Structures are given as structure tokens and as C-alpha cells.
Amino acid sequence: MKISKEKFGQAFDALVAEYQIIAPVSDANGIAFKGVKSFSEVKQDYLNSKLPPKAFFFPQHEKLMSYKKEGKEVTVKSELKVENTVLFGIRPCDAKGMQLLDMVFKNDQYTDPYYFERRDKSVIIGVACNKIAPTCFCSSFGLSPAGSEGSDIFLIDLGDSYDVEVITEKGKALAARFEALSELSADEQALVDKIKDAVTLSKVDVSTTTSKLDKMFNNPYWDTLQEKCIGCNVCSFSCPTCHCFDISEEVRKNEGTRVRTWDACMAPLFTLHGSGHNPRDNKKARWRQRMMHKFNYFVHNNGSMSCVGCGRCIKGCPVNMDIRQVIDGANKAELVVE
Amino acid sequence: MQLNPYIPITMKLVKNLVETEDKLINTFTLEFLNQQDEENFKYMPGQFAELSAYGHGEAPFGIATSPTEPGILKFSVAKVGCVSNALHLMEEGTMVGVRGPMGNYYPLEKFKGKNVVIIGGGFAFTTLRSLAKYMLDDKHRGDYGDITVIYGARNPGLLLYKEELAEWENNPNINLITTIDRPAEGWTKHVGFIPSITEQIAPSSVDTYAVVCGPPAMIKFTLPVLEKLNFTPESIYTSLEMRMKCGLGICGRCNIGTEYVCKDGPVFSMAQLKELPNEY
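Going line by line, the protein sequences match chains B and Z. For the first sequence, this note's numbering begins at 1 and goes up steadily by one. For the second sequence, this note's numbering begins at 1 and goes up steadily by one.
Please keep in mind that the hints were generated in silico from the structure rather than gathered at the bench. Among the clues, some could well be false.
[Claimed, not checked] Which chain B residues stay away from chain Z? Per the calculated CB distances, all over 12 Å, these: (1) 71; (2) 184; (3) 186; (4) 264; (5) 270; (6) 316.
[Unchecked claim] Result set (SDA-like, lysine to any residue): computed pairs, CA atoms no more than 20 Å apart in a straight line: (7) B/121 x B/103; (8) B/77 x B/261; (9) Z/79 x B/276; (10) Z/274 x B/77; (11) Z/74 x Z/94; (12) Z/12 x B/70.
Fair warning: this is a prediction, and the values are worked out from it, not measured in the lab. Just so you know, even glycine gets a beta-carbon here, dropped at the ideal spot from N, CA and C.
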């Protein structure tokens with residue numbers, strides 16, 4: 001089924017009264033997901049945003065609670081106000097990334113209320129990628145540029161209209177607002193099929209990576225791999241599946257706020273003990289952690305790799321580290337006796 | 001645990017005691033403000049909690065009390081950073097935040113009907129104290145065989161819980177061996193490092209579990225001794241420390257391989273640790 005962009009735009013604009021709407025827009029830094037008030041603000045022709053949309057569930061800087069000290073007494077306050085939100089224009093890699101984050105923020109013992117309060121109150125409208133960047137490699141992970149996994153409603157841009165697929169119950173409720181759905185013409189159906197069949201040009205073989213890494217903790221492969229890395233963390237901050245954070249206090253006189261902020265395993269202080277001991281005190285250990293976490297530990301714990309092939313870390317790296325080559329290198333590395 | 005695991009309960013610092021003669025370790029006694037908080041804070045020996053010094057931050061510390069001591073929690077904390085300094089300087093009566101209990105605990109079910117050898121060095125004795133105290137409780141003592149505690153510090157002034165140790169000396173329910181690294185005036189008990197004293201005492205490994213906590217060097221040299229005494233990796237437990245923030249297995253910094261020390265640990269058997277990468 002399809003809907004004309006004109007009709008879709010009207011339905012979209014009508015949602016503004018009830019929802020915070022986040023969509024891709026053009027800004028000074030390229031494409032960013034931001035709040036919009038009208039469909040006319042939405043960038044239609046884009047590859048993907050510079051930063052992943054994870055920040056809408058897991059903000060870069062977030063207040064967990066606040067407190068006030070008076071003499072020896074303290075009052076603690078926590079409030080979380082979350083608006084109903086529609087995220088429009090989420091690419092398949094990022095939609096999948098959010099499913100992977102779900103596995104982190106809810107584990108066998110705990111559920112993160114800040115993350116899930118936002119997640120539960122949001123609807124994701126995914127849009128297929130008509131164009132594929134050379135750094136895209138989602139097909140490596142069984143995903144595809146037109147994969148609907150992780151979206152509540154999934155659209156394919158057909159020029160003047162969207163092909164509409166309702167994926168979840170949540171999506172169904174929202175899709176009820178789109179009137180005037182009509183059948184696709186034969187030409188449009190052919191276009192939809194073509195987009196659905198597309199794969200990324202770049203693909204890395206990950207079929208044996210996890211089991212190979214099982215035997216590679218002490219492999220000399222890690223010794224040289226990281227030499228040119230400058231530890232800037234852009235890979236983590238632009239990653240749709242990286243989730244590490246710090247918790248710290250912001251204090252003014254007798255009032256304070258406890259905040260959490262994005263952190264990254266590539267930061268030397270990340271694991272520094274109070275005693276001065278640091279189990280990952282060198283870049284080699286930190287790079288190994290990054291790769292092991294995404295392609296080995298996460299698989300053992302959650303049954304999936306923690307990478308969706310969005311390519312942001314490749315685009316963003318100032319020294320041209322390429323995670324595809326790192327995986328490939330691990331695949332080909334010679335095993336040593338551990 | 002509360003609904004929002006990031007929000008601490010408020011507890012009152014009722015005692016801020018300088019524990020060691022170098023004045024680097026204080027023991028904080030915290031009092032629950034109400035019964036509801038205490039009921040929600042059901043813990044076992046080996047678990048830890050995140051303490052908040054409001055205005056400074058929070059940090060994880062092992063719980064030194066045993067659940068058999070109602071109404072309070074105790075933490076013995078070395079002064080090393082921002083939060084621990086603030087706690088050391090805190091006036092009694094001040095309110096602090098506590099999140100927890102967190103992590104797993106010593107496998108007391110497995111210990112039932114067995115002898116237990118507790119080996120501790122320096123100020124890593126906190127959750128070991130909890131463990132011994134728990135097993136010594138009238139309600140639990142019958143569940144366990146012989147309880148042996150081998151505890152050492154650099155010098156007598158650095159031993160934690162001195163009054164309690166004196167009590168245990170005369171308690172027939174527990175076999176306490178204390179040692180210091182070098183001879184000191186007035187010290188009449190063992191002198192020597194933990195590994196060699198353990199070798200000398202030679203606790204039997206038959207039907208026995210060992211729990212070892214201490215500085216890495218102590219553990220490194222004690223394990224071969226236990227091996228020689230025929231303790232298997234499955235019968236030796238330890239508790240690990242890591243830098244932590246959330247304590248919930250989410251913030252991503254305390255993992256050793258696939259295991260998050262905060263949520264899957266901090267208590268591990270040597271058999272478990274052998275399966276994990278050597279990154280701690």
C-alpha cells in the first residue's frame with residue numbers, strides 16, 4: 001500500500017499536536033535528527049545522520065536525580081518527564097541498533113527506567129535507503145538497506161509517495177492516521193522490489209569472527225592493530241550501539257544533580273581503579289575490548305553482534321581506522337597457542 | 001531493590017570510626033531510617049552497595065556487616081579518591097545515599113555441611129568479616145563445619161575490626177589465625193606473609209571451601225599453596241574489585257570478558273576465573 005507524500009505530510013503535521021516529532025534535517029554539520037513542527041522541514045534526500053538517533057532514548061547528558069543538602073539533611077528528587085515521540089526517517093541500521101540497545105538497558109536483573117520510559121513512549125517510522133554509501137556494510141550482519149526490523153512503521157520512498165508497511169501494533173495505531181492508502185502500480189511495485197533486493201556494496205564476512213575471537217584474547221594481532229588510533233572516541237560517540245556511560249555530580253553550593261553522560265571504552269580513565277590499578281591501561285587492551293565486546297562478548301551474552309554496519313565510525317575516524325578491515329584482519333589472523 | 005535502581009535510599013551516618021592506625025581506613029556505620037528501606041535491602045555476605053556522599057559522587061564498597069546484624073550497614077573504606085575522602089571527613093549524623101544491595105554473594109548454600117577457610121589480607125577483609133559473622137550466627141553456625149580464618153596485615157595497627165578479632169580469639173566456634181608481615185613489639189601471634197602462614201597452618205582441603213580476598217600479590221602466591229593442599233579451582237572463591245558506575249551491568253566498564261563484575265560477580269570461583277580473560 002502507498003500514501004502520497006502530500007497526504008502523508010498532512011497526517012504528519014497533524015501529529016505535531018500530540019507528539020514530539022524527531023526527523024532528519026539539514027544543519028551546519030550535515031544531517032541531524034531534530035525536533036520538527038512540519039513535514040516541510042524534513043530532509044527527504046539524505047544518506048544518514050552524522051550522529052545516531054540513539055540520543056533520543058539515551059541522551060548524551062541526562063539528569064538522573066537532583067538533591068538538596070541542608071545541614072546534615074538531604075532531600076533527593078527524581079523526576080522524568082517524557083513526551084510521546086515519533087521518530088521519523090530512521091534508517092534500518094539505526095532501527096536495528098535500538099533493538100540491540102534494548103538488550104543492554106534491560107538485562108537479566110535490571111531495567112533502566114530512563115531509557116525505557118522514552119523507548120516505550122516512542123514510535124519509530126523507518127525509511128528504506130534508496131542510496132547506499134560506500135561505508136555502508138549492514139548486509140554483513142544479515143540486515144539490509146530496506147530492512148524493517150526495529151521499525152514500527154516502515155516506508156519506502158517512491159518519489160511522490162511512500163510504500164507503507166505496518167510492522168508492529170504500536171505502528172498500527174499510528175498508521176490509522178494515514179488516510180487514503182492506495183494500491184501500488186506495477187511500476188511502483190517493481191521499484192519497491194528493487195529497493196528491497198538491494199544489498200550494500202561493501203560486505204565483510206563475520207560468519208566465523210565470533211568463534212575466531214574466542215581464541216584470540218592473547219593474539220599478537222592486537223599489538224599493532226591500534227597503533228595509529230589517537231583515542232578520540234569518535235567511533236563510540238557516533239555508534240548506534242555503543243552504550244557506555246559515566247555517572248557524575250554537578251554541584252552548586254548545597255544543591256546538586258547526578259547526571260549520566262556518554263563515556264567510551266577507548267578512554268584511558270574508563271577503567272581506572274581508585275588504587276591506581278587499571279586493568280585496561282593501554283590502547284591495545286582498549287581496542288581489544290571494543291572489538292571483543294561488539295563481536296564476541298555481546299554475541300555470547302545476547303545472541304547478536306553489537307554492530308549494524310552503519311559505517312559512521314569509518315566516516316568519522318580521523319586516522320582512517322576501518323572496522324571492516326579490523327574484522328577482516330581478525331578473521332585472517334594466525335592463531336597462536338593461548 | 002527499588003523501582004528505579006539509580007535512586008539511592010537515604011541512610012544516616014551514625015558512626016565514623018578511624019579503623020587503622022595509619023588513619024587511611026574508616027568504618028562507617030549507617031542506620032536505616034525506616035523499616036521499609038531495611039526490608040527492601042535484603043542482602044547476603046559478599047554483596048556491595050553504591051555509597052553516595054552528596055555533593056561529591058558515589059562509589060561501590062563491599063558490605064562489611066552481616067544480614068544477621070539488623071538496623072545498620074557497615075562499610076570499611078580506604079581514603080583514595082573524591083568520594084572516600086568526603087566520607088572520611090563526614091560528620092556523624094549526616095545523611096548519605098545507598099544503592100543496593102548489588103552483585104552476587106558467597107555461595108553459602110554450597111558451604112553448608114562443609115568446612116570453610118577464609119583467607120584475607122589487608123583491608124580486603126570487609127566482606128570476609130560479613131561472611132564469618134554470618135556463619136557464626138547462632139541460627140547458622142550448625143550449618144557449617146570448621147570455620148578457619150587466616151587474616152594478615154602489614155602490622156598490627158592495620159588489622160581491621162580489632163575488638164572483634166579479640167573476641168574470635170576466645171570463641172571455640174572459630175579458629176582465628178592472625179599474622180603480620182614483620183615482627184612488631186607486643187605482637188605474640190604469627191609473623192609472615194599470608195601464603196607462607198597458610199602453608200604452615202595447612203588447612204585440610206577435604207570437604208572444605210576456601211575464600212580468598214586480598215591484594216593481587218597475596219592472591220597470586222596463596223593460590224599455589226591452596227593447590228598444593230589439594231584445593232580444586234571449584235572449591236576456591238574470591239571477590240573482585242573493578243571500577244564501577246551503575247552497578248547494574250549497563251554502563252559497560254567493569255566487564256572481564258563476558259562477565260560484568262557488578263552484576264555477575266563480584267564473587268567468582270577460581271574455576272570461573274580460569275575461563276575468563278586475564279584482564280583484572
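Results for each hint:
no., hint, result
1, 71, "violated (9 Å)"
2, 184, "holds (43 Å)"
3, 186, "holds (49 Å)"
4, 264, "violated (9 Å)"
5, 270, "violated (5 Å)"
6, 316, "holds (20 Å)"
7, B/121 x B/103, "holds (17 Å)"
8, B/77 x B/261, "holds (19 Å)"
9, Z/79 x B/276, "holds (13 Å)"
10, Z/274 x B/77, "violated (44 Å)"
11, Z/74 x Z/94, "holds (15 Å)"
12, Z/12 x B/70, "holds (14 Å)"
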